[in-house]
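One line per chain: the protein sequences are Z and X, in this order. The first sequence begins at 0 in numbering that gives the first Met the number 0 and counts up by one. The second sequence begins at 0 in numbering that gives the first Met the number 0 and counts up by one.
None of these hints come from the bench; they were simulated from the model. Keep in mind that the hints are not guaranteed to be accurate.
Stated by the list, open to error - Below, in silico cross-link-like pairs of lysine to aspartate or glutamate (EDC-like), each with a Cα-Cα straight-line distance of 16 Å or less:
1) Z:Lys-50 <-> X:Asp-87
2) X:Lys-51 <-> Z:Glu-128
3) X:Lys-103 <-> Z:Glu-128
4) Z:Lys-60 <-> X:Asp-87
5) Z:Lys-98 <-> X:Asp-87
6) X:Lys-78 <-> Z:Asp-86
7) X:Lys-52 <-> Z:Glu-102
8) Z:Lys-58 <-> X:Asp-87
9) X:Lys-104 <-> Z:Glu-102
10) X:Lys-103 <-> Z:Asp-86
Values in this document were obtained by computation on a predicted structure and should not be read as measured data.
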Amino acid sequence: MAQVQLFGLWGSPFSCRVEIALKLKGVEYEYIEEDLSNKSPLLLQYNPIHKKVPVLVHKRKPIAESLVILEYIDETWNERNPILPHDPYERATARFWAKFIDEKCIFALWKACWSEEKEREEAAREACEHLQTLEDVLKDKRFFGGDMIGLVDIVANFMGFWLGIIEEATGVKLLTEEKYPKLYKWSEEFVNCSAIKENLPPRDKLLAYMRARYGVSITY
Amino acid sequence: MANEVVLLDFWPSMFGIRVRIALAEKGVKYEYKEEDLKNKSPLLLQMNPVHKKIPVLIHNGRPFCESPIIVQYIDEVWKDKAPLLPSDPYQRAQARFWVDFIDKKMYDSLRKTWTTKGEEQEAAKKEFFEVLKTLEGQLGDKPFFGGDNFGYVDLSLIPFYCWFYTYETCGKFNVEAECPKFIAWVKRCLQRETVAKALPDGKKVFEFVSAMRTNLGLE
Chain Z
0 MAQVQLFGLW GSPFSCRVEI ALKLKGVEYE YIEEDLSNKS PLLLQYNPIH
50 KKVPVLVHKR KPIAESLVIL EYIDETWNER NPILPHDPYE RATARFWAKF
100 IDEKCIFALW KACWSEEKER EEAAREACEH LQTLEDVLKD KRFFGGDMIG
150 LVDIVANFMG FWLGIIEEAT GVKLLTEEKY PKLYKWSEEF VNCSAIKENL
200 PPRDKLLAYM RARYGVSITY
Chain X
0 MANEVVLLDF WPSMFGIRVR IALAEKGVKY EYKEEDLKNK SPLLLQMNPV
50 HKKIPVLIHN GRPFCESPII VQYIDEVWKD KAPLLPSDPY QRAQARFWVD
100 FIDKKMYDSL RKTWTTKGEE QEAAKKEFFE VLKTLEGQLG DKPFFGGDNF
150 GYVDLSLIPF YCWFYTYETC GKFNVEAECP KFIAWVKRCL QRETVAKALP
200 DGKKVFEFVS AMRTNLGLE
């Protein structure tokens, strides 16, 4: 049995985050694809509380929740490519923005893309507010982590890759170059990063999935 | 440079209490500033513009928000005394997981026990007891969630206790009858001076909540 196993889902940004981190650290792992409509007994054993992916299993010990897993990976394989900064203030700042993205941004962006017409305006207003906040946080840095990608960049993978695909599937435009030039540029740098691009799901497959699942017709 | 520590807080907030316990465990002297949440101070709005919430820790002029992040910061800066998180990475991950669980599950189900009535309240009570049973299972036979020592998970959970009198009175239930192991753990925590001093009296919290319930038309 491999020392490191990851129970994941091909199209999940949360699962992808863990793969990015493992790749950054050069950790070899066994990937196990889960079918969420038919969860494996192992998954239910390893994550009885939430029954979700991703779950990392290291030396037979399971860890759940992507933010918790990312910190564990950083602390365990700490010789190269730090995900969190060393300085306590910088660490707290990174954790704050990661939590903000997870608890506020992703949901607001998702809602803004998929809401019914009457709710969309309010949802879009909130989503844009959050995008502006991130634009201001990024400032003139190449990545949220500075010169190299860090925790916040990894956690923002939804904005870096998934959002553009959902925008294409739904026709809703949120992260535009005109409104958020720095964040837009970041998203391009992000997907071209070697540690990232090897671990993203195939674009066409994800787009087809988004269109099909939500029954959105293709318009030209 | 002097170590200047200020805490913006609100006396019955379980999230604020976490920070007060952490600072006390580390023996850190700080200035406590009570916020009026209906009339937030310019300082709070400046220090936490994103969420505009308490608690906010200000250390040498720099703000720290979100109680789990604040407590981890305190543990990292004042690292020579009373470690709050375990040193082993796997144990640390478990501790973070359980605090995340508490934050996702306890607060919302508990809030509904005093802000709702009828069926919704019954559902909230059921959910709350499920959460407590899960936590009891995690505690097992250990004295604390951290093992032999009081730690991060314990200090993140114990502040909810000062709201139990309120939940039990509004929801008409008794936690000790259903979850005696949980209450035994509570009593062990309350033996610590840092915890006993940080938790406000449960009846005082109830008086405060009663006023709010009247405003909400629930009394």
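Evaluation of the provided hints:
no.: 1; hint: Z:Lys-50 <-> X:Asp-87; in the structure: violated, 25 Å
no.: 2; hint: X:Lys-51 <-> Z:Glu-128; in the structure: holds, 15 Å
no.: 3; hint: X:Lys-103 <-> Z:Glu-128; in the structure: violated, 24 Å
no.: 4; hint: Z:Lys-60 <-> X:Asp-87; in the structure: holds, 13 Å
no.: 5; hint: Z:Lys-98 <-> X:Asp-87; in the structure: violated, 23 Å
no.: 6; hint: X:Lys-78 <-> Z:Asp-86; in the structure: holds, 13 Å
no.: 7; hint: X:Lys-52 <-> Z:Glu-102; in the structure: holds, 15 Å
no.: 8; hint: Z:Lys-58 <-> X:Asp-87; in the structure: holds, 14 Å
no.: 9; hint: X:Lys-104 <-> Z:Glu-102; in the structure: holds, 14 Å
no.: 10; hint: X:Lys-103 <-> Z:Asp-86; in the structure: violated, 28 Å
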